[in-house]
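Using the sequences provided together with the hints, build the complete structure.
Residue numbers (the working numbering), protein chains in the order written: chain A, 11 to 239; chain B, 8 to 254.
Chain B regions said to be covered by chain A (calculated; three or more residues, Cβ under 8 Å):
# : stretch
1 : 77 to 86
2 : 169 to 178
3 : 181 to 190
4 : 200 to 214
Keep in mind that the hints were calculated from the coordinates and are not lab data.
For every residue, glycine included, the Cβ atom is placed at its ideal position computed from N, Cα and C.
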Amino acid sequence: MSFLAVTYLVEDPPGNPWFSWRYVRDNAGQIEEALREHVGLTVSAVVIAAAIALPLAVLAHRVRWLSGPILALSGVLYTIPSLALFAFLAPFMGVSASTVRVGLVLYALLVIVRNALTGLRQVSSDALDAAHGMGYGSLGRLLRIELPLALPSIVTGLRLATVSTVALTTVGVVAGHGGLGQLILGGFRNNYYKAEIFTGAVLCVALALVLDLLLAGAGRLATPWSRRR
Amino acid sequence: MSAIHDAYIWLNDPLNWTNPGGILDQLRTHLRLSALAVGAACLVAWPVGIGLGHRGRGGGLVVVVSNISLAVPTLALLTILPLTFLGFGDAAVVLAIAVFAVPPLLANAYTGVREVDPEVRDAARGMGLSGWQVLTRVELPLAVPYLAAGFRTAAVQSVATVTLAALIGAGGLGAFVTEGFGRQDMGEVLAGGLLTALLCLLVEAVLAAAQRLATPRALRTRRRWAPRPHVRSLSLMDVPETGQAAD
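Laid out in structure tokens, this is it:
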């Protein structure tokens with residue numbers, strides 16, 4: 011009997027393990043492609059969002075009455091689920107990677123604007139007075155005083171936006187461009203292939219952590235003054 | 008645009024509302040899953056958050072939980088949990104959604120109790136209240152606005168994330184979006200997106216009103232730009248030294 015049991019184990023290794031090197035090896039190409047798409051979507055979305063969000067935050071900071079509507083709009087947009095947002099975009103933009111990217115940009119935009127605005131508002135009035143007294147004009151004050159002092163908050167916003175965009179990108183699977191989400195849902199639909207699901211999920215979390223660490227490091231380098239104390 | 012027209016026609020078909028698996032059915036599923044998830048999350052997060060806040064420790068734990076949850080895709084939990092001992096069915100979906108509802112509840116409960124003015128706490132102690140009495144008669148009543156804010160965030164977020172349950176075939180209003188994408192029926196996609204978004208905005212509006220009612224009048228007129236307590240993890244990430252909460 012024991013002999014039988016052993017053969018059974020040897021011939022039929024646990025059919026559907028959570029992790030399998032064999033799966034990774036055999037599907038390296040597909041995994042790499044999914045990872046590449048995921049990184050591409052995330053990075054481009056955050057970069058585009060930052061390029062729009064920072065000027066928007068400065069504008070909202072300067073033109074007082076604009077910040078109310080901008081924050082309210084961002085609040086409403088943030089309430090709408092990602093799947094619904096993709097559903098609004100897809101009929102007009104087609105089912106494509108750029109549809110997913112636009113959706114991601116919109117969400118990242120909100121986080122970055124909110125944090126940048128918080129940072130700009132927290133610049134102490136003493137610092138602003140001092141800058142004024144030293145003869146800074148409004149542009150110089152913005153570039154030399156306000157933005158550097160708001161930088162830690164801006165970096166926090168970028169980190170939050172990046173980490174949540176990595177997670178959100180998986181939802182792009184509904185439009186066929188979810189990066190690692192393709193593996194996660196693909197595995198689920200492929201007869202609950204655990205190894206595929208798990209590989210996608212682990213890579214996703216790892217990617218979020220790596221990008222977060224990179225941004226945190228860059229933030230530290232950019233604000234040497236905040237390290238001491 | 009024809010998609011808008013198609014969506015209009017789709018929404019105007021009474022059968023799409025009343026059929027088995029129609030809008031009303033899926034709405035019921037959606038609300039049931041959301042409610043169960045928020046309830047389960049409250050059962051865990053509130054006692055823990057309040058306990059930690061009362062003792063004044065564990066702030067680090069709250070931050071870590073909140074940060075980790077941000078990095079985990081909902082889709083990953085939704086696909087992984089049904090394949091564990093939980094099995095297919097509501098339990099796995101509810102747990103997956105509940106996991107993401109915990110951080111805002113936990114953070115707000117912790118902050119709410121923590122933020123109670125130390126002088127008030129001292130006064131209560133001086134009046135001879137025990138630790139438990141301080142908690143139930145002083146700290147908890149003062150923390151109610153925070154608890155309400157956390158509940159609102161968690162609930163709105165859960166209603167939004169339950170949409171993704173449709174990707175694994177668990178129903179909810181997201182089903183029309185995934186079904187529409189599957190059939191290349193952009194009218195249905197748009198209609199499904201519209202229904203989902205409306206539900207979320209409605210829940211947000213109702214809970215915002217409830218939060219207002221739960222907040223004592225004197226505390227309602229906060230400074231307009233004070234960071235709202237429920238802005239998820241904004242004030243919780245390892246805050247830069249300039250002091251996010253300089254208020």
